[in-house]
Each structure stands twice: as structure tokens, then as C-alpha cells.
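**Q** So the sequence shown is residues 4 to 278, counted in the numbering used here.
Don't read these hints as lab results, they were simulated from the structure. Please note that the accuracy of each hint is not assured.
[Said to hold, decoys possible] Okay, the calculated beta carbon distance ranges per label pair:
id	residue 1	residue 2	range
1	P248	N108	34 to 40 Å
2	L127	H187	44 to 50 Å
3	R167	A32	18 to 24 Å
[Said to hold, decoys possible] Result set (SDA-like, lysine to any residue): computed pairs, CA atoms no more than 20 Å apart in a straight line:
id	residue 1	residue 2
4	K219	R244
5	K222	S29
6	K222	S69
7	K148	Y119
8	K267	H17
9	K219	H17
10	K267	K219
11	K267	R21
12	K113	K148
13	K113	Q89
14	K222	R21
15	K219	Y117
These numbers come from a predicted model, not from an experiment. Glycine residues also receive a C-beta, built at the ideal position from the N, C-alpha and C atoms.
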Amino acid sequence: MPEPIVAFIADDSHAHHRRQILDLASGEAVSFSDLIDRLESFDVIFVGEVHTNAEHHLIHVQILQSLINVDPDLLIGVEFFCRDQQDLLERYFSGDMDEEAFLENIQWRKTWGYPYHLYRPLLLTARREGATVIGLNVRRDIVRKVAREGLAGLDEEERSGIPRVMDLNDEAHRAYVREAYERHCHGNLKEFEFFYEAQTVWDETMAETIAGAVGKHGKKMVVFLGNGHIMNKFGVPDRTRRRIPISFATVIPYPLGETTTLEKGMADYVWLTGP
Numbered sequence: 004m005p006e007p008i009v010a011f012i013a014d015d016s017h018a019h020h021r022r023q024i025l026d027l028a029s030g031e032a033v034s035f036s037d038l039i040d041r042l043e044s045f046d047v048i049f050v051g052e053v054h055t056n057a058e059h060h061l062i063h064v065q066i067l068q069s070l071i072n073v074d075p076d077l078l079i080g081v082e083f084f085c086r087d088q089q090d091l092l093e094r095y096f097s098g099d100m101d102e103e104a105f106l107e108n109i110q111w112r113k114t115w116g117y118p119y120h121l122y123r124p125l126l127l128t129a130r131r132e133g134a135t136v137i138g139l140n141v142r143r144d145i146v147r148k149v150a151r152e153g154l155a156g157l158d159e160e161e162r163s164g165i166p167r168v169m170d171l172n173d174e175a176h177r178a179y180v181r182e183a184y185e186r187h188c189h190g191n192l193k194e195f196e197f198f199y200e201a202q203t204v205w206d207e208t209m210a211e212t213i214a215g216a217v218g219k220h221g222k223k224m225v226v227f228l229g230n231g232h233i234m235n236k237f238g239v240p241d242r243t244r245r246r247i248p249i250s251f252a253t254v255i256p257y258p259l260g261e262t263t264t265l266e267k268g269m270a271d272y273v274w275l276t277g278p
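Input sequences plus hints: build the corresponding full structure.
**A** Okay, structure coming up:
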């Protein structure tokens, strides 16, 4: 039989396995109930995903239901809806629109595109609980245009749809995005700059929306978004805290595709899953 795929926390020889939840600071495995007990104390909880990993979406439902059981007023922020779709979200989650009409109006395949059945359990849970769901993202056509032409290519209307203030000088974040860019793309320096501006627009828009919602409602929020936006915290989490004083925690569902070393700074908690 093949050896099981395992993960190691940096500077620790203890092997960890699928379905374990790891506190990276202490290096210890924690139970699900312990995880929820710890998360309850934070203002904003960021939970990542690999968009096509079904196990990650089931983890989302478990975390959401457990947090709502403790705090029924919890806000839910999601990457996969845009903030200009908020009126549609309010109609659907208040029960004023059925699912078929919602999907038609939200244009799921066009605006997000990943299989809806993976996200449906989370959305049905939120609707059943009467939760407030907030679309965090910028319009995809704006992100694409920035990736092609840079921020300078946006017209006045497009520029009004993104944050006025954006930090393009975080060198650790830039290096992280550059590594991902070089794995998947082969463009020149100018093309990378446009790509980085697009990624920053993405992160800063979500951070601005989270900060605005938490400040407006005075409630806690759980945020569901891709792992790349919260890895090492310098994407959306740190950018949110620069906009509003909050405490936050990050949870990364992490697929074990090969033996892996987990760096302690990548997240507060890592939940090991299948690939």
C-alpha cells in the first residue's frame, strides 16, 4: 500500500493527516468544537477554499452553521457575488425571490462560473437561517480590464466602482502574486504589473466591502473566499484591518496532494483535506 500523504508544520517533525485541524501557532491539532469556540471571539473570520474542492464547501457549511448557532446575527461575506448585486441578494435571502429566478438574475455562470451545486448548501443554509449575505467582489469586467490595460485604462465610471485607496507596495504580497503568476503565465514585466494591479483591485475591493459592512452593522462577519486571498493574511485580511480596527482569524482548508510543509504564518488554522 502507498504511504499516506501527510503534512508537517515548519520546524516540527510530527506528521499530520487528512481531516485534522491544525493550530499553526501552537503546532497542535484541535477538535472542530475547539475551533468554533476559538473563532467565536473574533470580529471577522476568513475561511478559504479551493473553488472546485467539494470537501471545502462542506467545511464551509459546518463552520457557518456552528457559528450561526452561537450568533444568529452573524453577517456572511462571499467572494462569489459582486457588491453591485446586493439588491438581488437581499431579495433572495429574504425569501422574496425563488432560486430559479435568483440564478437567472444573478447570472451565476457568467459572473462566477464554478459549479453551483458546490455552493448551494452554503446558500441554502444562509437562506434558511435568514442571514444577511453580502457580495464582496468587484465586477469581473473591471478586473479583466485592469489585467489587460492597468488601472490607468479604467474610465471614470469603472474607477468609481473600486476603492480610491489601494496599497500596491506590499512587497511580500507582490512576491507571492509574482510566484503564482510565473507558475501560470509567461508575460513580461509590464504584463505582470497589470496582473498585480488587478489582483490588488480584487483584494482591496473585498476588504473595503467587509470593513464597510462591519462598521455599518456593528456585527461580526464570516467571510468565504479563495485561499489565495487570505494566504499569509496580506491579501484581504490585513487590508481589511487597515481600514477598520478588527480582530480576525484565518482558516485555510488545505488539500493534501503531496507531502507538504506548512509555514506557521500562512494562517491561524489549517484544515487538511483531500486533493
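**Q** Are the hints correct? Go through all of them and say.
**A** Hints versus structure:
no.: 1; hint: P248 x N108: 34 to 40 Å; verdict: holds (36 Å)
no.: 2; hint: L127 x H187: 44 to 50 Å; verdict: violated (33 Å)
no.: 3; hint: R167 x A32: 18 to 24 Å; verdict: violated (43 Å)
no.: 4; hint: K219 x R244; verdict: holds (15 Å)
no.: 5; hint: K222 x S29; verdict: violated (29 Å)
no.: 6; hint: K222 x S69; verdict: holds (17 Å)
no.: 7; hint: K148 x Y119; verdict: violated (26 Å)
no.: 8; hint: K267 x H17; verdict: holds (14 Å)
no.: 9; hint: K219 x H17; verdict: violated (44 Å)
no.: 10; hint: K267 x K219; verdict: violated (33 Å)
no.: 11; hint: K267 x R21; verdict: holds (18 Å)
no.: 12; hint: K113 x K148; verdict: holds (16 Å)
no.: 13; hint: K113 x Q89; verdict: holds (17 Å)
no.: 14; hint: K222 x R21; verdict: violated (33 Å)
no.: 15; hint: K219 x Y117; verdict: violated (31 Å)
Of the hints listed earlier, those the structure fails to meet are numbers 2, 3, 5, 7, 9, 10, 14, 15, in rising order.
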